[in-house]
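Trainee: Listed below, chain by chain, are the residues.
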Amino acid sequence: MEVVLALVVGVIIAGALYLVMQRNLLRFVFGLILLSGGVNLLLFTAGRPIRGAPPLVPYGLSEPAGAVANALPQALILTAIVIGFGLTAFALVLLLRAYERLGTLSTDELTARVAEPRPIADRGDGEVAP
Amino acid sequence: MNSVILRSATNLLIAVLLLFSVFLMLRGHDLPGGGFIGGLLAASAVALYAIANGHRAAVRLLRVPPQALIAWGLALGVGAGFFALLQGDPYLTGQWLIFAFAGVEWKLSSPLVFDVGVYLVVVGVVLTMVFALEER
Amino acid sequence: MSWVLVAPVVLPLLTTAALFLLRERLEAQRVVSTTSAALGLVAAIVLLGRVSDGGIQVVQFGNWSAPFGISFVADHLSAIMVVISGVMATAVAVYALRDLDPARERLGYHPVFHVLLAGINGAFLTGDLFNLYVWFEVLLISSFVLLTLGNRREQLEGGVKYVAVNLVSSLIFLAATGLVYGTTGTLNMADLAVKLPQADPALVVTLSMLFLVAFGIKAAVFPLFFWLPASYHTPPVAVSAIFAGMLTKVGVYALIRAFTLLFVGDVALTHTILLWVAGLTMLTGVLGAAAQSEFRKILSFHIISQIGYMILGLALYTPLGLLGSVFYLVHHIVVKGNLFLVAGLARATGGSFELAKLGGLYRHRPLLAVLFVVPAFSLAGFPPLSGFWAKLVVVRAGLEAREWGFVAVALVVGLLTIYSMTKIWQAAFWTPAPEGTTLRDDVPRLLYAPVIALALLTLVIGFWSGPFVALAQAAATELLNPAAYVGAVLGPEAAAQLGGTP
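Residue numbers (my numbering), protein chains in the order written: chain A, 1 to 130; chain B, 1001 to 1136; chain C, 2001 to 2502.
Calculated from the structure, these hints are not laboratory results. It is possible that part of the hints are untrue.
To be verified - Residues from chain A shown here face chain C by an in silico Cβ test under 7 Å; the list is partial:
| no. | residue |
| --- | --- |
| 1 | Leu35 |
| 2 | Ser36 |
| 3 | Leu43 |
| 4 | Leu76 |
| 5 | Ala80 |
| 6 | Ile83 |
| 7 | Phe85 |
| 8 | Ala91 |
| 9 | Ala98 |
| 10 | Arg101 |
A quick note: this is a predicted structure, and the numbers were derived from the prediction, not measured. All C-beta atoms, glycine included, are put in the ideal place defined by N, C-alpha and C.
Kindly produce the complete structure, drawing on both the sequences and the hints.
Mentor: Okay, structure coming up:
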């Protein structure tokens, strides 16, 4: 079981790295989403998955009856998913804004467009875009 | 999105969804559920409403800006830990108030306050993002 | 009694809530934000006092005993870092009162600033590896927002690089945390200090390298620093000063914690790698700075070179080396934050961050020139300023450890730092202003207040270095005796397992 999961993690992360290394930033973000999925699966695998009941204590007892799954990796993954969700949402909004302002999502062109001299006098930080 | 079916269905569903989200939050102490998943469901309900009736209608429905929800949620969540300090326990230790009223045993607790805080923060954060993307 | 330990995190979070509710009232926001930052400093000083008197302070959240719950642990290092973050937060909050444009304030600068503080302090205080990841993310996402607040072109371009690299580093951190859990079955750092030595040594070294990469990206060490000079000069000064002071230092703190508490099983290998990282970081940072001609870009590259010194002290792994690291951290945060604020004053007066467009500041504002000289020469290591003692301790530690080559690098880097600082001095302060530029007189006086305060602090650390060295000494002693940390969190039996004295 673990071996299969480990292989799946490897394949997902390999695919994610391929996407992360693309010049297009949108693909980069897709790679990041895939990467965080792979890492979450890694967390799950590292937590020794066992076939068992959900880790719930039945009413009236003080401990679970019989073997239950390890709850901690699941809690960690849930937290990681939430954080990943927020970060991905932010990254997408950032890309949207960058595309609006700079007109490109290619890493090569981004730097070039910012380096272009601009006609308006710039005082450093006064100007704020809507 | 301009669809009569979606709009009518949403207007009926949103009440059920919001009620169910509160139910999920309340049952979360002992069973699957909790403030996070409840808040996510409530936020999805409002997002659905925004898709069906437009962004402005959803803002009107919410009445308060989502940032205010984040603020109150944060204050409740962080504040829930202070009940423990009053009792001399470490921060965030659960404090329980159990009493009988109208023939039913009521259990009020600081984890419940914390869960309500989480619920509000999640609704606020998700809706901030949804509105930021919908505005254009 | 646990309130002092949670206050550095809880206070900024409650402040955030209050600031969100005061959304439309900017004047009230400014008052609340500054007051809260000052209160946070007071709470941090109280915490440091407690740690000095009563040893390592621990809170088990929700009364769940370690290693099952989340622990907050304040030893000397954590408490010192929290105090210094309080100092910087207060200085920057005051500076932001007059520096920020109302548009950015309306977009939410103040609340996000306090989320950032909560993240920074949480990372310093937590005693749990996964919780450290969570606080890293809290500070990371608020730093994303602060960095891109206002959506200027350069900000977006720098922000994209910053976000991309830091997201990857977070995922490496998360993966490493998961693998540590898989190896040892625990995430509590004290518990890990007990259990990691029992795990397969090769596996532990591999894990340590994953953490080195993850924290190394945050700390901007060689060769993982490229995001820093690409982004730190783009946001307003009130943002970049706190970034320059604190953010990379959270990474350095995490490296110190990881390589004194967790990964000390194979010091010959891991700390030799750190040593090379430190040397190359110093060198590349200072050489990068030499090629720059923009005020804040020069300072950004110097952040990198200075981080090399801190890692050098850690890599030597001797009492004197760690003392040097901790002292260097404190000195550097104050000085570097202050230099960014001075850069802001120079721009407010001279109209630009470009050295070519600046000039004549010495004649126009002698006070500003003095305020630049104090941190700049402290950074370069002139006696008797704080940087001199910091460099002296690290260099002496290097000599004692017979690492001649790295000592030589440290000294050369010091000289090159003088070169960069004199370049700024020459271009911005000494030479007359270029044709067509007017030097302004209407710079708000309040902007000078935090700069003067931090410059005075630099002088105090320099002239009365005794108490500061003693604090750093206490921190270094604790770092080299993990049993004390373990004993405070898990109890004396666990500490005895490590074979030390609790």
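Trainee: Please check whether Ala80 of chain A passes as an interface residue: C-beta within 7 Å of a C-beta belonging to chain C.
Mentor: Nearest chain C Cβ about 6 Å off; hint holds.
Trainee: With a cut-off of 7 Å on the beta carbons, see whether Leu76 of chain A makes it to chain C.
Mentor: holds, 6 Å
Trainee: Are Arg101 of chain A and chain C close enough, Cβ to Cβ, to be under 7 Å, as the hint says?
Mentor: holds, 6 Å
Trainee: Classify the hint on Ala91 of chain A as holds or violated, based on whether any CB of chain C lies nearer than 7 Å to its CB.
Mentor: Result: holds, 6 Å to nearest chain C Cβ.
Trainee: Does the CB of Ser36 of chain A sit less than 7 Å away from some CB of chain C?
Mentor: Holds - the Cβ of Ser36 of chain A comes within 7 Å of chain C, reaching about 6 Å at its closest.
Trainee: Hint Leu43 of chain A vs chain C: min CB-CB distance below 7 Å?
Mentor: Cβ of Leu43 of chain A sits 4 Å from chain C, so the hint holds.
Trainee: Return the status of the interface hint for Leu35 of chain A: holds when the least beta-carbon distance to chain C is below 7 Å, violated otherwise.
Mentor: holds, 5 Å
Trainee: Can the hint on Phe85 of chain A be confirmed by a CB-to-CB distance to chain C that is less than 7 Å?
Mentor: violated, 11 Å
Trainee: For the restraint on Ile83 of chain A, tell me whether the closest CB of chain C is nearer than 7 Å.
Mentor: holds, 5 Å
Trainee: Under the criterion of a CB-CB separation shorter than 7 Å, is Ala98 of chain A in contact with chain C as hinted?
Mentor: holds, 4 Å
Violated hint: 7 only; the structure is consistent with all others.
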